Amino acid sequence: MRCFRFWPALAVISLAACTTAFPQAPNYGNLGRTPSKEEIQAWNQAIGPQGKELPPGSGTAKQGQEIFANKCAACHGPAGEGSQLAPRLVGGRGALNIPTPSRTLANYWPFATTIWDYINRAMPPKQEGSLSASDIYALTAFILYRNDIIPEGQVIDATSLPKVKMPNRDGFIPQRLEDIHDLRARGCGAGHCP
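Following this note's numbering, the numbering of the sequence shown begins with 86 at its first residue and continues without gaps.
Please note: incorrect hints may appear among the correct ones.
Unchecked claim - Straight line, CA to CA, 30 Å or less: simulated DSS-like cross-link-like pairs of lysine-lysine: (1) Lys156 - Lys122; (2) Lys147 - Lys211; (3) Lys250 - Lys122; (4) Lys147 - Lys122; (5) Lys137 - Lys147; (6) Lys250 - Lys147; (7) Lys122 - Lys211; (8) Lys156 - Lys250; (9) Lys137 - Lys211; (10) Lys147 - Lys248; (11) Lys137 - Lys250; (12) Lys211 - Lys156; (13) Lys122 - Lys137; (14) Lys248 - Lys156.
Unchecked claim - Derived CB-CB ranges, DEER-like: (15) Thr185 - Arg206: 24 to 30 Å; (16) Pro186 - Arg118: 25 to 31 Å; (17) Tyr203 - Ile125: 16 to 22 Å.
What the hints contain is simulated information worked out from the structure, not anything from laboratory work. In this text the structure is predicted, and so the values were computed from the model without any measurement. We put the beta carbon where it would ideally sit given N, CA and C, even for glycine.
All chains should be built: construct the whole structure from the sequences, respecting the hints.
Written out as structure tokens, the structure reads:
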């Protein structure tokens, strides 16, 4: 019974120790800055499968080859084969329902517009936003060409990119759940469908 008498006292001591630690923590109030409205708008845009948000510009695989050599090959390898620094971008087609699927652009990305969006947001590392829209179209064209998805001379732009059908596009759930006709496959239950 005596143990129970000491628990409240220990709890008060522990709580007091925790609260006295807070004032000793460093103050990071001057770290960073509030982003401008323009910066937020630049970050807050996503390119959907229909490509409605794609900006003007265009590029071909031939143009993208030079950009890739200068900006991408150091990490992704000269032919897009990947390295310890970055994943491969070329090849790797095959089934996704095996224990070790190859998750490359050719078989794992359902929409070609995602390639443009990803390059625009994240590449090259620590230089995000340094590529023009036409540079990104050219790099996207080069990657699609190297994966045998488009011919080398095809011009990629806001109109043509959403029309590119990725090799495993039909291996994914449809973009709209209404497109799945089997109600059980849609996850419907008790008269309610997502």
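We went through each hint and held it up to the structure:
1. A threshold of 30 Å between alpha carbons decides the hint, and for Lys156 with Lys122 the separation of about 29 Å falls inside it, so the pair holds.
2. For the proposed pair Lys147 and Lys211, the alpha carbon gap of about 25 Å is at most 30 Å, so the pair holds.
3. In summary, the hint linking Lys250 to Lys122 is not supported, as the alpha carbons are separated by about 35 Å, beyond the 30 Å threshold.
4. Between Lys147 and Lys122 the CA atoms are separated by roughly 36 Å; this puts the pair beyond 30 Å, and the hint is violated.
5. Only pairs whose Cα atoms come within 30 Å are accepted, and Lys137 paired with Lys147 is accepted, the gap being roughly 25 Å.
6. Our distance criterion of 30 Å between C-alpha atoms is met by Lys250 and Lys147, whose separation comes to about 20 Å.
7. Restraint check for Lys122 and Lys211: the C-alpha separation of about 21 Å stays at or below 30 Å, so the hint holds.
8. With a C-alpha separation of about 26 Å, the suggested pair Lys156 and Lys250 falls inside the 30 Å cut-off, and the hint holds.
9. Under the criterion of a C-alpha separation no larger than 30 Å, the hint pairing Lys137 with Lys211 is consistent with the structure, at around 27 Å.
10. Between Lys147 and Lys248 the alpha-carbon distance is near 20 Å, which keeps this suggested pair within the 30 Å criterion.
11. In summary, the hint linking Lys137 to Lys250 is supported, as the alpha carbons are separated by about 16 Å, within the 30 Å threshold.
12. Taking the CA atoms of Lys211 and Lys156, the gap is near 12 Å; set against the 30 Å cutoff, the hint holds.
13. Distance check on the hinted pair: Lys122 and Lys137 sit about 22 Å apart at the alpha-carbon level, within 30 Å; holds.
14. Using a Cα cut-off of 30 Å, the hinted pair Lys248 and Lys156 holds, with the two alpha carbons roughly 26 Å apart.
15. Between Thr185 and Arg206 the CB atoms are about 28 Å apart, so this pair conforms to the stated range of 24 to 30 Å.
16. Restraint check, Pro186 to Arg118: a C-beta distance of roughly 42 Å breaks the suggested window 25 to 31 Å.
17. Evaluation of the 16 to 22 Å hint for Tyr203 and Ile125 yields a pass: the beta carbon distance comes to about 20 Å.
Hint compliance for this structure: hints 3, 4 and 16 are broken, all remaining hints hold.
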